[in-house]
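Peer 1: The task is to assemble the complex, starting from two chains supplied on their own in separate frames and drawing on the hints.
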Amino acid sequence: MIARRLGLLVSAILLFLPLGSVADDIIMTRSTLPFPEAMLALQQSIGEHGYTVSRVQRIDIGLTGMGYKTDKYRIVFAGKIDEIRVMTEKSPQLAAYLPPKIAIFAEEGQTVLVTLNPELYAEIAGDAIDPVIFDRWTSDLRSIFDDVNTAN
Amino acid sequence: MTGMHKRDVYMRLICGTILLLLAVQISAAPNGRQLYVAHCSACHGDQGHGGVGVPLSLPSFLDSVDDRFLAVTIRQGRPGRVMPSFPRLSDAQIAAIVGYIRSWSDKPAPRYSPLPVKGDVKNGSLLYAKHCASCHGENGEGGTGTGVTFSRRRELPIIAPALNNSGFLAAASDEMIRQTLQLGRAGTPMGSFLEKGLGEQEIDDVISFVRSFAQDQDEGTKTVAANKDKIIRVASPYSLEETVENLKDAIVSQNFILIRTDLLEHGLVKEADENPKQVILHFCNFKFLFDALAVDPRVGMFLPCRVTVTETDAGVFVSAINPEYMSHLFNNAELDQYCKQMHDVYVTILEDATL
Chain A
1 MIARRLGLLV SAILLFLPLG SVADDIIMTR STLPFPEAML ALQQSIGEHG YTVSRVQRID
61 IGLTGMGYKT DKYRIVFAGK IDEIRVMTEK SPQLAAYLPP KIAIFAEEGQ TVLVTLNPEL
121 YAEIAGDAID PVIFDRWTSD LRSIFDDVNT AN
Chain B
1 MTGMHKRDVY MRLICGTILL LLAVQISAAP NGRQLYVAHC SACHGDQGHG GVGVPLSLPS
61 FLDSVDDRFL AVTIRQGRPG RVMPSFPRLS DAQIAAIVGY IRSWSDKPAP RYSPLPVKGD
121 VKNGSLLYAK HCASCHGENG EGGTGTGVTF SRRRELPIIA PALNNSGFLA AASDEMIRQT
181 LQLGRAGTPM GSFLEKGLGE QEIDDVISFV RSFAQDQDEG TKTVAANKDK IIRVASPYSL
241 EETVENLKDA IVSQNFILIR TDLLEHGLVK EADENPKQVI LHFCNFKFLF DALAVDPRVG
301 MFLPCRVTVT ETDAGVFVSA INPEYMSHLF NNAELDQYCK QMHDVYVTIL EDATL
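Residue numbers (this note's numbering), protein chains in the order written: chain A, 1 to 152; chain B, 1 to 355.
Only chain B is shown next, with the shape it has when bound in the complex (with noise of 0.2 Å):
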């Protein structure tokens, strides 16, 4: 090979790998509606029409919010209020999605100034109390529900987020908040406070009490620690069977409907070849089961209630998931008040069946 030769080679391998890494960049840049599919919708809707969460694709929320304030709202979530954080998705994945969810509006992003205005917060906790609690909490902490749940009629109005949480605060510059309570939120229950009369003062008094509560919002919001056992199991010094008997009762006495009792392996393999000693309880409480559900659909995961009692050479264990666990996976400041009572029944029913 002459040197003319070797280099025309090189340059061909040069060339060639540039186009492939080129290749390789498109094909990997983000796709924000592919993102959005995987890691929102099922919440807000694949058209952002809200559902488990609030609409994103109102003109009047497009129109009033800033990409910064989209973006922090997607990596930092709303602690206790179902949105989740999203530490794992890359900043250039989270602008993608931002870049989707501005495709739903014709009109540029806002810019706002992220100074913060200068107001009274002694008059905006005042003006708060009489415009604002109602709907967003005496202490902003948002009101009962979150979006429109599959749970209540669509037409029924959204309900107000939590303005006392760490995620909201983070997001929202006074700016935008200023923007928010000028205009309003046209097509949702938040109104426009220019036109219910305050001043622009009096908005930025308000802006100013909105604020305070970044030093108290730790309080109230934050669920349930993550550090909970994943299951709470006690061992049984009865029979399979008469534990099995046992929990019938207990379960009965608080107040629970046994609605079936199998097999673990039952479905899996022919009858014959069931493990007889692995029993699973199913019960389930209609009132409670309503009343979680209405607070978080995905509940349903665990329902009906279970509790499983196994027998092996170690002996006889009853176990059922811990609920207190869970309550921190769905992000539900609501749902712990049921899981703490589910798990007090669960821990009940356990230890009146192994007394």
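Just chain A, with the same shape it has in the complex (with noise of 0.2 Å):
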């Protein structure tokens, strides 16, 4: 009898903690650890997390030379081809704008790292594919910038 109400507290008090994760429709962060190093610790965790890294593009180049403060600035496209041909073929729309992107650039000595959150994708997509998909991108998007934070 009481162990049955204290089940029922346990579970009541788990209900009202608060709710851990936030959904973003930008997914940012911020690097302490320095542009080369950061990029350095970006690809890696992406390989570790499964993806491959399919291009690097600069799109710094002529950045100082116009006033900016940096030249450090990279679009890191990265994806599962499995993943993406389904994705593409479920829900040709999603093709534009695939392969995912980060965008990764230095601040001072640190490095800001910015994506998409793909639960847009998935309302792209609608009821053509497994959400689950998305929601896994998205917690590996995070996971693989809480590395690039936490990497030294």
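A few of these clues could be false.
[What the hints assert, rightly or not] Residues of chain B placed beyond 12 Å of chain A at every Cβ, according to the derived structure: (1) G45; (2) P84; (3) K107; (4) A214; (5) K340.
[As the list claims (entries may be wrong)] Partial list, computed: chain A residues near chain B (C-beta under 8 Å): (6) D25; (7) T32; (8) P36; (9) Y73; (10) G79; (11) V86; (12) T88; (13) Q93; (14) Y97; (15) K101; (16) V114.
Since the hints were made in silico from the structure, they are not lab data.
Note that CB positions come from ideal geometry on N, CA and C, so glycine has one too.
Peer 2: Dropping the structure here:
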């Protein structure tokens, strides 16, 4: 009897604990690592999470010449071929967004990383694709960003 | 089991459970530092020194704002001025972040009365035009740009916040504004207006004028609606190859430089296995890129510009992300004009190529 009440109490309290995760449209993080180290940590973590970096695009050519404070700005494209194929096949509209990319740029001695929350792709895909795949992308991205934060 | 025994077991069970619950509660108490790092440091700096966002650790700032100002600013953000709203954080989480920001100062937080000051709006508007508009804008729209972005030298002054912003007006009490005007914000361009010779009544007049922005704030600062299509997509009557060639011409005629053409799967599989029916054209206009990056360094995420051509059983399609939709994600009203421009460029290119 008491045990059952306690059980109820436990579940009631668990229910009211603050929820941890927050879904943002844009996922951002600041790494205290300087740009080259952050870039290295990013690519390494992407690989460790099972994704392939398909290209690193510079978009900073000439930036300093234009008065910019940094010439360190890259776009990292990454994905898993099987997932990308499923997506472009079942929801061809998504092609415009794929493969997913991460912007990485220096800010003073530190580095800022920015990416779109893949939940946006889930909205585009609608019922065509099981949203689990996007949830996993989102949590992988957060975990990759955490790695870049804590790498040293 | 005797009755005594049974009670003993229950007691232990109860004590154990209570201890367990306490442990759960303690580990669940929101950690302000962690939350700050997760949600704020990307823009405001890990020590609050500023970046994409304004500095938060300056003593002159912390000494002049109360905890309610900080909490409401976090909850509501500053619509159209980059600072996002955080509707999903709990009150406890927000309080923990506020506590963490406070830890940068050893002074206690000021406490302000929520009561309005009595000021003369008309006189306030004259004083505002004379003393404030040069930095905060004629209608309180704030300086161009926000915070100290990566594209500006850090030694440059902090940009004046928007005072006609619903987020600012909801967060600031009149007394907080008065304190800010009297003391100024040492370490920023915002000076003390007591020192500059404004009397206390004049300061209250200015405050009442700033408050009057509340009535017409909905104009101007609103960003493009969120209900835009996420994608621009048109069918092409041509073959995939012809469509790609048409796009190249259309891109150049819009004064953009074609950077490269590759397959969507490029780099993800062996070249021989790449799907040849998904082609990406990357292009750029450097002037445009510089201007957009100066407004918001995060737009790099959508640069260089790109259109995607795909061929399936349904036919050939050309698609691009819709920059006008992206605009709302950034919560940056200054970006809207660039996004609109880019939207028009995409539409023209897609239409030209599929005519």
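Peer 1: Taking the numbered hints from earlier one at a time, note which ones the structure violates and give those numbers from smallest to largest.
Peer 2: Result: hints 1, 2, 8 and 11 break, sorted rising.
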